[in-house]
Amino acid sequence: MQQGQKASRAKTMTIGLRAKAWWVLRKNRSMTLAEIQSTICTGKEKSADSNLRRYLKKLADVGVIDVETIDDDKLTSNGVNRYTVVKNLGPQAPVVRAKSGQVFDPNSGRIVVREDSVIMKEASNG
Amino acid sequence: MKAHFVKTSNYNNFITMLAGVEAQAPKEGRIINVNGEPGSGKSRAMDHIGAERNAIYIEGMPGMTVTYLRELLAHELGCSGGSMFRQQQAINKAFADRQPMVILDEAQHGLNKKAECIEFLRRTCEQVGSVLVLVCHTSEKHRFGEHKLAHISTRISAVVEFAPATLEDCALYLKELCEVEVDSGVVAQALQQSRGRYRLLSNACRTLEDYALTKGQVMLTAEDVKGVMLCEDAMKSLRKGLK
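Chains as they are written, first to last, in my numbering: chain V, 1 to 126; chain Z, 1 to 243.
The set of hints was computed from the structure by calculation and includes no laboratory data. Treat each hint with caution, since some may be false.
Just so you have them, the derived chain V footprint on chain Z, three or more residues with Cβ under 8 Å [to be verified]:
{"no.": "1", "segment": "2 to 8"}
{"no.": "2", "segment": "49 to 55"}
Which stretches of chain V does chain Z cover? Using the computed rule of at least three CB atoms under 8 Å from a CB of chain Z, they are [to be verified]:
{"no.": "3", "segment": "36 to 42"}
{"no.": "4", "segment": "59 to 72"}
{"no.": "5", "segment": "83 to 97"}
Every residue, glycine too, gets a C-beta built ideally from N, C-alpha and C.
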């Protein structure tokens, strides 16, 4: 007797919040955090704001995205950050490694390092 | 203002059509045409579903060719390089593995030369039953129905028109995103001033929050905002300037 599902399973791929953020950021090139959230969040995620903020900060630290503070017309506000992709790494979202804090690029299989960092300079000097 | 995606009637309509096409349409007919006026939420909805499904997004542009599209698909699927034949083989294999949804924005740019670009995408999607979404402005949708493009138009299984927000959409939008509670009168006023365009509704939402903060209120009624401009319709002002 045969058991289990015979029909092929739907291959629809669902992805996590950070990967979704990378998808829309790559597509639109430049967005604020509110714009990203208004596009990908459903309102049911836990701490979407801080999760995405930490992810974007890490990407900014290694030079994948550029952060610019823009005025939001509010008297008491410092403005909001606009994130712009400067290094389009590819369709697969960069992964921030929780333990080491490194940014891994699954497209190239390499750790992303800021171009002007000491490590890069040492590597280029041999 | 809260920040998350609001599932409006347009979006729900699209999802229903998508489910129908995925479940019932034959592999060669899995094309959906999405059209609508600016501000009707097309791009936001496509971004939402695109990110959700990890779709392949292609921005149509004038002068787009099949070679360009093949290179783009190969890049997006991580199989660039090699001869044209090898590239196509790699694309087909990646499509079979992933069955990605393909979104072609500004799809009217793919209509040149008897829509060879759309035909290429259609054939690639057809092999594995992926859905191809053609997004365009309302004024361009008639071009997909031209006789010489019957090979495309006959394969479009669903047409979804993104209409301006209805009163229910407007109420849902303000209920989900506005930090201030509003009554049905305010909803009607926001709808009338924004003419159902989500971009303006978002401005109205911010105005309502600022207004409530100034007045020290947590709830606003139509009486409170009577005569207040919640959002400015720049298009209206431009049209006035023409007269």
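So, going through the hints one by one against the coordinates:
no.	hint	verdict
1	2 to 8	holds (count 4)
2	49 to 55	holds (count 5)
3	36 to 42	holds (count 6)
4	59 to 72	violated (count 0)
5	83 to 97	holds (count 3)
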